[in-house]
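Protein sequences appear in the order of chains A and B.
Counting from 24, one number per residue, gives the positions in the first sequence under this note's numbering.
Counting from 2, one number per residue, gives the positions in the second sequence under this note's numbering.
Since the hints were derived computationally from the structure, they do not count as laboratory data.
For each residue, glycine too, the CB sits at the ideal point set by N, CA and C.
Take these hints with a grain of salt, some might be off.
[Stated by the list, open to error] Dumping the calculated DSSO-like pairs for lysine-lysine here, alpha-carbon to alpha-carbon at most 30 angstroms:
no., chain 1, residue 1, chain 2, residue 2
1, B, 55, B, 337
2, B, 337, B, 297
3, B, 244, A, 104
4, B, 341, B, 312
5, A, 187, B, 337
6, B, 32, B, 297
7, B, 126, A, 187
8, B, 32, A, 104
9, B, 217, B, 126
10, B, 233, B, 217
11, B, 244, B, 337
12, B, 217, B, 32
13, B, 55, B, 126
14, B, 244, B, 233
15, A, 104, B, 337
16, B, 341, B, 233
17, B, 124, B, 96
18, B, 32, A, 187
19, B, 189, A, 104
[Said to hold, decoys possible] Restraint-style ranges between C-beta atoms, simulated for each label pair:
no., chain 1, residue 1, chain 2, residue 2, range
20, B, 316, A, 63, 30 to 38 angstroms
21, A, 68, B, 299, 36 to 44 angstroms
22, A, 163, B, 269, 40 to 48 angstroms
23, A, 81, B, 124, 47 to 55 angstroms
24, A, 67, B, 343, 49 to 57 angstroms
25, B, 220, A, 163, 21 to 29 angstroms
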Amino acid sequence: MIASSRKSRSADLERIESLIKKGAPRGRLIDEAFRIFVGVLAWSSVGLAVLLFLVLLRESWPSIRQFGWAFLWSSEWDAVKEHFGILPVIYGTLVSSLLALIFAVPLSMGIAIFLSELGPPWIRKPLAALIELLAAIPSVIYGLWGIFVLCPVLRTVVEPFLGKHFGFLPLFQGPSYGVGMLAAGIILSIMIIPTISSISREIFLTIPTPLKEGALALGATRWEMIQLAVLPPSRSGILGAVLLGLGRALGETMAVTMVIGNRHDISLSLFEPAYTMASLIANEFSEATTPLYTAALVETGLVLLIVTLILNIIARVLVWSVSRQVKGVPA
Amino acid sequence: MKRTNRFLASAAGILSLMMMLTPLGFADRPKLINGAGATFPYPIYSKWFSEYQKVNPSVNFNYQSIGSGGGIKQISARTVDFGASDAFLTNEQLKAAPGRLIHIPTVAGAVVVTYHLPGVSEKLKLTPDAISGIFLGEIKKWDDPAISGNNPDVSLPNADIIVVHRSDGSGTTNIFTDYLSSISSTWKRNVGKGTSVSWPVGLGGKGNEGVAGTIKQTPNSLGYVELAYAEKNHLAYAQVQNKSGNFITPSLESTTKAIQGKLDDMPGDFRVSLVNPDGPEAYPIAGFTWILIYQKQKDAQKGRAVVEFLKWAVRDGQKYANELLYASLPQEMAEKIDSKLEEIQIG
């Protein structure tokens, strides 16, 4: 078996060698052309990003000139009087995404550990496929489920309970509408769980088995093995997974707008309606009739792009510093 | 390698054949007229386009329902042959357009106040003061005398009114805020009218379905949706007191009555709101939707086709309106539009 495969491999090598010899002068030209071709492809994505930024800047210029920095810290959004400010919308975007991470990260970690280390082998594959299937559900379906299932449960059970027992916290005050910041956070967390959990699972699976077996052989329990051998080397990968989830949460539009209540207000209470940048653009762009109104919406898109960029950079720096730390520790 | 070459050759052959045939094909094709704009009239427009094919097979329509804002932008940029909008253009917008734009009303729609009160099956009667008070946040409880005074037979709860409005920009919001501005000076001063406004109170739902869904799931809530949507989904809606003091059930007939109520003081350019009209049977929360065309049509063939189509739409086309839950134009309106269409210069 081994011998025959070795023989066929050497035959392959001979074939390749003869091919190279035949087309040697042309080959170098093709190499060069191919290098340039893929180089252009790679740089074109950078070019697209730059163009995107420039077009957003140009289209939002009337609004930037009119409102200046006040656009970022003003709370008034009035299309009739044409006063535009997006502070509540930035707040809503950041808080709903943060809330989603708070719900989704521990859950996803649990899912990933179960599916890679602890679950019975026959259930791992089907369960993993099922969770990845969650990512394929269109977001409008999540939104409809949110309106008809999640919000009524929040309104009748969860929010009254939280209000009664934790009402002393400013987070859980006010009337229960069902729709609001809490509903948006929960919907978003369900939507990003497949992303975070499946990437984390892949990362856990790359941990070399001898490392895990070594930990067990030294007398570690399963829990200690995971804690000592699986989690530390995966840290930077997990951060990357969380980052991807955060990216999806920041940009999610349809499901959020259906359950968040769409109100330009900043309120500490999670029961109150709020608004996000992506929802604002999706809601108002098609019927925005005046140039300044359109420009303000485009500027909202520009701010969303910049916020996403900043969060990405922060997360990259985090990943970089964590992975450096891990390298420093003798494994 | 050889196979790839043959594949490429045949693909190129097919492509060149297509390129050769395309111009020939188009020469025989009917005239294609492009339009874009409002989503609200899309069902009736597509019905008209297909029915009009039977009348005049040489004209084909392509309509993109991208929203009124997009329709105004595209007709102003002359990328389409006609635009469509649920809100009429402001003077500034008309000035910004490269030519003189004409508004042609096609059908009318009404907006109803819908609510979810557990245990209440009677139709509520709402006065203008009650409606504006609720949406301004001044009337907070269901058993407020402004509401209960006109509904003595209904047992209204001592509960907060949860107001629901549209969060997306829409012609429905434009009609409703137009109405609120016409009945309340406070509203007019503080909020105003538009496809999306800064609401003093309430939750925002996306689209008619978002508002209706939120209301369905939330006891003691109240909001507004298009009449057609409320009818199709059997939502409870209120009777509204009109200018003559009568409580009117929203319907297609009472909306057409609203157009009749405005006929006497109809401006020449048809830029008119239908809210709060005269007439004892007129429903007060209604509005036109318009098609926008240039007074000077550069392409004679297309221009003639559009004018002929519009003449057909405001007369013969109106019989399809009611089955699709739009209020049709009265006969007198069609005559006014006919004389307006005379103004269009072709060629």
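* Asked: Lying within 21 to 29 angstroms: is that true of the beta-carbon distance residue 220 of chain B to residue 163 of chain A?
  -> 25 angstroms, holds
* Outcome of range test on Cβ distance (residue 316 of chain B, residue 63 of chain A; 30 to 38 angstroms) -> At roughly 59 angstroms between Cβ atoms, residue 63 of chain A and residue 316 of chain B fall outside 30 to 38 angstroms, so the hint is violated.
* Asked: Is it true that the CA of residue 55 of chain B sits at most 30 angstroms from the CA of residue 337 of chain B?
  -> 26 angstroms, holds
* Asked: Taking only the CA atoms, is the gap from residue 341 of chain B to residue 233 of chain B under or equal to 30 angstroms?
  -> 34 angstroms, violated
* **Satisfaction of hint between residue 104 of chain A and residue 244 of chain B, Cα-Cα up to 30 angstroms** => 28 angstroms, holds
* For the range 40 to 48 angstroms, tell me whether the beta carbons of residue 163 of chain A and residue 269 of chain B fit it or not. => 44 angstroms, holds
* Do the beta carbons of residue 81 of chain A and residue 124 of chain B sit within 47 to 55 angstroms of each other? -> At 53 angstroms between Cβs, range holds.
* Quick one, are residue 126 of chain B and residue 187 of chain A close enough, alpha carbons at most 30 angstroms? -> Violated, at roughly 36 angstroms.
* Asked: When you check the alpha-carbon spacing of residue 244 of chain B and residue 337 of chain B, does it fall within 30 angstroms?
  -> 25 angstroms, holds
* Asked: Does the alpha-carbon distance linking residue 341 of chain B and residue 312 of chain B stay inside the 30 angstroms limit?
  -> OK: residue 341 of chain B and residue 312 of chain B at ~10 angstroms, within 30 angstroms.
* Asked: Between residue 189 of chain B and residue 104 of chain A, is the straight-line Cα distance small enough, at 30 angstroms or below?
  -> Answer holds: residue 189 of chain B to residue 104 of chain A is near 11 angstroms, not above 30 angstroms.
* To do: Could you grab the alpha-carbon distance between residue 32 of chain B and residue 187 of chain A and see if it respects the 30 angstroms cut-off?
  => The given pair, whose Cα atoms are some 67 angstroms apart, is violated under the 30 angstroms limit.
When the structure is compared with the earlier hints, violations turn up for hints 5, 7, 8, 12, 13, 15, 16, 17, 18, 20 and for no others.
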